[in-house]
Amino acid sequence: MKIYTKTGDKGLTSLIGGIRVAKHHIRIESYGTVDELNSYIGLIACQEIDLHSKGILKEVQDRLFTIGASLAADPEKSKMKTPDLVEDDITLLETEIDQMNDTLPELKHFILPGGNTIVSYCHIARCVCRRAERLTVALAESSFVDNKVTVYLNRLSDYLFVLGRKLGNDTKAAENIWIPRVNS
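All the letters of the sequence shown, read from the start, carry residue numbers 6 to 189 under my numbering.
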């Protein structure tokens, strides 16, 4: 299989189902951002973190490929069966969030991104996840998107925030709390 096909040289690409769209089409932006997010998740998983978190991140990467396949398919034309998200995928993230939160100090302030490299990677991934969610919500205004996709992305951004806190706690990194400057 050749990596380059030259079929996209004029700024068009194909969706699953065969329809050709501009590379800036919101569907392409949506699954391209999910792909970018998946790369950042891989970056986090390559760090010196606990094996449980690495395992959950591997699951997340698999689900992001599922989401990417769903978003890459033209809902009106594709007859190809793509993998599906299930409610248990969302529940897994919620369970992980709750378990990590049980071990962390109470959150009393907004947190500025940073603390150390690992925590910063989590914050970057969280921001990319929020962008993927925004694009997917916008796509859903004009085309079918499984509601579980947007719910999953919403929950994943929360998971990444709490994971950053947990990994910061594991590495003894101080949280960068935001104390707003208020002029009197």
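The hints are simulated quantities; they were obtained by calculation from the structure and are not laboratory data. It is possible that part of the hints are untrue.
What the hints assert, rightly or not - As a list, the in silico EDC-like pairs of lysine to aspartate or glutamate whose alpha-carbon atoms are at most 16 Å apart:
(1) LYS153 x ASP55
(2) LYS153 x ASP175
(3) LYS177 x GLU92
(4) LYS153 x GLU92
(5) LYS63 x GLU53
(6) LYS153 x ASP103
(7) LYS63 x ASP103
(8) LYS177 x GLU53
(9) LYS153 x GLU111
(10) LYS63 x ASP79
(11) LYS113 x GLU41
(12) LYS28 x ASP79
(13) LYS59 x GLU180
(14) LYS153 x GLU53
Okay, the hints, checked on the actual structure:
no.	hint	verdict
1	LYS153 x ASP55	28 Å, violated
2	LYS153 x ASP175	31 Å, violated
3	LYS177 x GLU92	34 Å, violated
4	LYS153 x GLU92	7 Å, holds
5	LYS63 x GLU53	15 Å, holds
6	LYS153 x ASP103	20 Å, violated
7	LYS63 x ASP103	19 Å, violated
8	LYS177 x GLU53	13 Å, holds
9	LYS153 x GLU111	29 Å, violated
10	LYS63 x ASP79	27 Å, violated
11	LYS113 x GLU41	31 Å, violated
12	LYS28 x ASP79	14 Å, holds
13	LYS59 x GLU180	22 Å, violated
14	LYS153 x GLU53	31 Å, violated
Hints 1, 2, 3, 6, 7, 9, 10, 11, 13, 14 from the earlier list are contradicted by this structure; the remaining hints agree with it.
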